[in-house]
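J.: For the record, the sequence lines run as chains A and B. For the first sequence, the working numbering begins at 745 and goes up steadily by one. For the second sequence, the working numbering begins at 1199 and goes up steadily by one.
Fair warning: there could be bad hints in the mix.
[Claimed, not checked] Pairs of lysine-lysine residues, derived as DSS-like cross-links and limited to a Cα-Cα distance of at most 25 Å, are as follows:
1. K795(A) x K863(A)
2. K828(A) x K1347(B)
3. K795(A) x K828(A)
4. K863(A) x K1250(B)
5. K863(A) x K828(A)
6. K839(A) x K795(A)
Hints are computed from structural coordinates only; laboratory data are not their basis.
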Amino acid sequence: MADIATGTELVPTARQDGDAVLASIRGEIDLHNSPELRGVLIGPLIASQPKRLVLNLSQVPYMDSSAIAVMVETLQKLRKFGGKLYLTNLQPRVKGLLEIARLDSIFVITADEAEALTK
Amino acid sequence: MSDTPSPVPPFDPQTLAQTRRVELNITSDPANLGPARHAIEALCTVCGFDDKSTGEVGLVVNEALANVTRHAYGGAIDQPIRIIGQCPDDELQITIRDWGSGESPIVLPDAPHDPLKPGGIGLICLRQLMDQTIFTPQDDGMLLTMMRKRTRPSMERANG
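Here chain B stands alone, though its shape is the one from the complex:
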C-alpha cells in the first residue's frame, strides 16, 4: 500500500455528515483502537443509528481491529490497517484491510461458547452484531467486509 499509516486524524463532523464516509489509514498500535472506534461511531450517528446500535458497531470494529493486531500481525504494532466505513443508503458497510498473515480467523466451534474460556468473544461479536461478515483472503493479507442495516434491531431488542 502506498499510504503512510498514521495515528487516527481528527474528523470534521460537518464533512462526515456530507460524505457519510470515513477512511482511516492507521497502524496496528492498540492506541489507535479508541480513536478508530470513535470515528466509526460518529459515522453511525450521522447515518441515523441509535445509541445502542452505534455502540454495537463500535464494539465490532474494536474487536476486528484487535484481531488484526493480535493474529494477522502477531502483535506487531507498526503495521498498516485501512478502514473504510460508508452508508450511502440504509446500510452501513465497513471494510478492514490488513497486509498480515492472510489466515482466515478461527472458525467458531459448534459447541456453545464457554464464557470462562478465553478468546472467541471478538468473533462472536462480529457474527452476532452484524448482518453480514465476510473474510476475503488477498494475495498479501485479508479483507474483512461487514454490513449492518440501520433498521436491524440491536441485541437487546432482538433478545426481547
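With the rest of the complex left out, here is chain A:
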C-alpha cells in the first residue's frame, strides 16, 4: 500500500492498494472547486490505471452538477483501461443528486470502502 500525493485539501488522503486506488474527498463541491477536483481525479489518481477507483464521500455533504461532470469524465477515462468508479459512504444530498441525474446505476455505489474492494 502506498500513499499518493494529491496536493489539495479537497482530497486529503489517497493510496494505492493493489490494483485499486482509494481516496477520500472532503468538503462541499461546486463550480468553484470542481476544477480542482478534476485536476486530482484525472491526474494522479488514475495515473496508475487502477481497475478500481474508490472515492469515499463521507465528508462531502454537498455536490453539484459540475462535480458530477468531473466524475463522469473520470469514469469514461477509467473505462478505457477497464477500470470502474466506486462511490462509498454517500450523504443524503449527494445520493439525491445522483438519483436525479440517473447516475446511481452508472457508478458502483457501496456502503463503505471494504465493500467496494470486494464487490
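For chain A, the structure is supplied; the task is to place chain B on it using the hints.
T.: What follows is chain B alone, placed relative to chain A:
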C-alpha cells in the same frame, strides 16, 4: 443596475425569521455559489421546508447561478446577479436576475437524458425540483422566476 455587486454578506437569522426574505447582490464569481446557496437554504428552513426539500431548493439555486456564470456571462466572474427569495405564505418564490446575453437556456430535448453525456443536469434540476420555472427575457438580460410550495413532496417521496 445601481447596486454594487459584492460577496454574499452574512445574514442575521433573527431578521430572516421576521422578514422571510433574502436579497443578495453578488458577482458571477463561482466563489459566491456556496454562500448564496446557504442563504437561500436558511430562508427555506425559516419558511418551514424540511431538510430534504431545503437541500433540493439549494441545489436548484446553485445550478441556476452556475448557468448564469457559464452561459449568460460566458464564464466572466465579475458580472452582477441579483437574487431575491421570499415566502410570504406557503410558497417560496425565488428570482434570479442577470444582465447577460439574455438568451433563453437550452430547451430540454424530448429524448431521455443520457447520464453519460455532460450538461443538462442543472436544467433538469430546475424543472424537476420546482413547481414553476419561468425564464423571462429582459431588454438587458434575463429574469428567472421559480416557485415551490412548502407542501410539495421532495423527489425521494415523490418517487416513492
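J.: Compare the structure with each hint and give your call.
T.: Okay, the hints, checked on the actual structure:
This hinted pair checks out: K795(A) and K863(A) have alpha carbons roughly 12 Å apart, not beyond 25 Å. The hinted pair formed by K828(A) and K1347(B) fails the criterion: a straight-line CA distance of about 40 Å is larger than 25 Å. A hinted pair counts as satisfied when its Cα atoms are at most 25 Å apart, and K795(A) with K828(A) qualifies at roughly 6 Å. Between the alpha carbons of K863(A) and K1250(B) the distance comes to roughly 30 Å, so the proposed pair goes past 25 Å and is violated.
Between K863(A) and K828(A), the direct Cα distance comes to roughly 11 Å. Compliance with the 25 Å bound is thereby established for this hinted pair. Distance check on the hinted pair: K839(A) and K795(A) sit about 23 Å apart at the alpha-carbon level, within 25 Å; holds.
Consistency note: the structure conflicts with the earlier hints numbered 2 and 4.
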